[in-house]
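This note's numbering numbers the first residue of the sequence shown as 1 and each following residue consecutively.
Any given hint could be a false lead.
Simulated pairs of lysine-lysine, DSSO-like, Cα-Cα distance not exceeding 27 Å [as the list claims (entries may be wrong)]:
| id | residue 1 | residue 2 |
| --- | --- | --- |
| 1 | K40 | K17 |
| 2 | K7 | K27 |
| 3 | K17 | K7 |
| 4 | K3 | K22 |
| 5 | K3 | K27 |
| 6 | K51 | K20 |
| 7 | K51 | K40 |
| 8 | K22 | K44 |
| 9 | K27 | K47 |
| 10 | K22 | K7 |
| 11 | K47 | K22 |
| 12 | K27 | K40 |
| 13 | K22 | K51 |
Keep in mind the hints are simulated off the structure, nothing from the lab.
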Amino acid sequence: MLKIIIKEGENIERALKRYKRKYRNVKVMQNLREAQFFTKPSVKRRKEIQKAEYIQNIRDQEDI
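All chains should be modelled from the sequences, with the hints used to inform the complete structure.
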């Protein structure tokens, strides 16, 4: 459970923004969506490798 302590004199919109940021960083919704269906380990591994290749290509393009 996320807790946001509102500081004295802090605007409620700012506190709400901090809550939303923390919620997004915890990836609650992403974990719930992933848990809905079973994914084979080989598919997970393949997806991770593809993601790593994509990131590496982006970094290689920046170096040029």
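Hints and how they fare:
{"no.": "1", "hint": "K40 x K17", "in the structure": "violated, 36 Å"}
{"no.": "2", "hint": "K7 x K27", "in the structure": "holds, 25 Å"}
{"no.": "3", "hint": "K17 x K7", "in the structure": "holds, 14 Å"}
{"no.": "4", "hint": "K3 x K22", "in the structure": "holds, 9 Å"}
{"no.": "5", "hint": "K3 x K27", "in the structure": "holds, 15 Å"}
{"no.": "6", "hint": "K51 x K20", "in the structure": "holds, 26 Å"}
{"no.": "7", "hint": "K51 x K40", "in the structure": "holds, 17 Å"}
{"no.": "8", "hint": "K22 x K44", "in the structure": "holds, 26 Å"}
{"no.": "9", "hint": "K27 x K47", "in the structure": "holds, 18 Å"}
{"no.": "10", "hint": "K22 x K7", "in the structure": "holds, 16 Å"}
{"no.": "11", "hint": "K47 x K22", "in the structure": "holds, 26 Å"}
{"no.": "12", "hint": "K27 x K40", "in the structure": "holds, 21 Å"}
{"no.": "13", "hint": "K22 x K51", "in the structure": "holds, 24 Å"}
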